[in-house]
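Please model the complete structure; the sequences and the hints are all you need to start from.
Going down the list, the protein sequences come from chains A and B. Under the numbering used here, the first sequence has 424 at position 257, and the numbering climbs by one with no breaks. Under the numbering used here, the second sequence has 190 at position 23, and the numbering climbs by one with no breaks.
In case anyone wonders, no lab produced these hints; they're calculated from the structure. One should not assume that every hint holds.
Identical chains blur together in the list; that is why a pair holds if it fits in one copy or across any two.
Straight-line C-alpha distance at most 27 Å; calculated DSSO-like pairs for lysine-lysine [what the hints assert, rightly or not]:
{"#": "1", "residue 1": "251", "residue 2": "264"}
{"#": "2", "residue 1": "181", "residue 2": "295"}
{"#": "3", "residue 1": "320", "residue 2": "264"}
{"#": "4", "residue 1": "400", "residue 2": "207"}
{"#": "5", "residue 1": "185", "residue 2": "330"}
There are 2 protein chains.
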Amino acid sequence: MKSFEDLSEQFLEKFNIKHFPSQPENLYRPADYFLGIGGKRIRPVMCLMGNELFDTINDDAYHVASAIELFHNFTLIHDDIMDKAPLRRGRQTVHEKFGESTALLTGDVMLVIAYDYLNKINTSYLHKIIHLFNKTAREVCEGQQWDMDFEKKESVLLNEYLKMIELKTSVLLAASLQMGAILGGAGDGNQKHLYEFGKNIGMAFQVQDDYLDAFGDPEKFGKQTGGDIAANKKTFLLIKAMEEANDTQKKQIRNLMQTNPADKVPQMISIFKTCGVDEWARELKEKYIQSAYTHLDDIAVLSVRKEPLKYLAEFLVQREY
Amino acid sequence: MKSFEDLSEQFLEKFNIKHFPSQPENLYRPADYFLGIGGKRIRPVMCLMGNELFDTINDDAYHVASAIELFHNFTLIHDDIMDKAPLRRGRQTVHEKFGESTALLTGDVMLVIAYDYLNKINTSYLHKIIHLFNKTAREVCEGQQWDMDFEKKESVLLNEYLKMIELKTSVLLAASLQMGAILGGAGDGNQKHLYEFGKNIGMAFQVQDDYLDAFGDPEKFGKQTGGDIAANKKTFLLIKAMEEANDTQKKQIRNLMQTNPADKVPQMISIFKTCGVDEWARELKEKYIQSAYTHLDDIAVLSVRKEPLKYLAEFLVQREY
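Printed below as a string of structure tokens:
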């Protein structure tokens, strides 16, 4: 059983090739550029891990892993257009560097080429893989739509927000694992548990991400905290705070968001604490982690095969702060 | 053997259903809206015709036909964003009515759902169908990119322009027929001839479209002529004229395009005629039609089975003017 790091290296060896033709240059060069920005390639490596949980890694798992990574990059390129984001991982976004029309079309063709990779796999699993890939792709689009809808809404219910996060980020992690499992010949029950493991880890990671932005130690966290608060971003914390706050606190929160005073971040953090949102978030994260581990335990393979997944989960959601 | 009209009716019966879930409404309502605008559904019906050329129409052909129509609508939604087009078939475009971000995402999800339809077909043909579908989708994206590139270029070679038109419009017609043929169990040679038939008909149609805009009888053509000239659109005629014109005529053309005088359209038409571009376009169209018919003749099935395709071709490219 290989570690995330080893599999990551193996994946990059296969993935760092030329995926696109050279012409039309204005279509494919932006695609090369964006893949060149890099990223942690977590999702494709999870596909390999899901595969190795049940069998020796096969070529089809690499094809699907490549498809997943191209799909993920397609969503990033299009999301960046919608969010008008100038930077991604410290580099210019595709639409910023090459224009919106090109970014749109480059994303489109990247999605098509993702399906080219899917189409390389063995016929017997093709239907199942495409079914799960498509379901996930639809969900990711739906999550992005809910996210845009929520940005315009005055108030969002916690349950709605949880569903949005699940669709926008967790299902792809879950499906990456499951696609690997399908290709490894896993049965339906094992597939289901692995999917739920991935989904819960994804949720825990997202709760943690929101938590660290408000309560993390900037030195250990590696970036300035309070960014979400400064940008009035709807997060787990803000949404829960609005549910927990009394009328006075609600007014304070709305006022801070509208007037943007210099001490908005510490003031908001103080309200969060008064409402007990910090403690709540730690518990919520813990709940997701426990649920993830229960599902991992329930997978009917030898424990030793599960170790790399356990380490990955710990790495993702037990970051120091 | 059924006519285009009969098959069109049969297709609409299957296609006029709800393709999308109801939530998130802001993602799927625009998709319903756009499909509701209608269209001639030529491509999916061509898929059915390609299927019936070799066998009784099967369910898989309907699935692929639906996928093709959804793909085509996805390209229209995204092209309209890139072209900043306010109207499509006399109705508001998706981005105009619902905003650019929604149009982008709605197009994306429509493409994914097109693959859902592909994934419904029998496993034995799935690889081949997805292979051709993807190749065509990539080519359509490439054609759109070349088109955008050319709009910014001072001069475009006729060969480059022909290639762009082929990619942007003809290959999808050709592939629609071929996908039907694949599902009908056609051999490689027959598939190839049918593809070439569709491609050549597509080219002839496009030449005719450009021709009619300049030389058509507005009453018979059904719309005002000269629109392409007024908009300085690069067409077969303009590109050929720039190749044929002497230095004085070239200067005149450039001058007309820059100054946009009130009599620009008749003046440009007069230059086109002096350069013999009208005669050339008629011959070019005829060349494509002849090539299409030769390929149709070479398909090894009884002539009577080919009749609906012949009628369709005649309908598409022998319009009175």
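Hint by hint, here is what the structure shows:
{"no.": "1", "hint": "251 with 264", "result": "both (12 Å within a copy, 20 Å between copies)"}
{"no.": "2", "hint": "181 with 295", "result": "both (24 Å within a copy, 24 Å between copies)"}
{"no.": "3", "hint": "320 with 264", "result": "between (31 Å within a copy, 20 Å between copies)"}
{"no.": "4", "hint": "400 with 207", "result": "within (24 Å within a copy, 45 Å between copies)"}
{"no.": "5", "hint": "185 with 330", "result": "between (36 Å within a copy, 24 Å between copies)"}
In terms of the numbered hints stated before, the structure departs from none.
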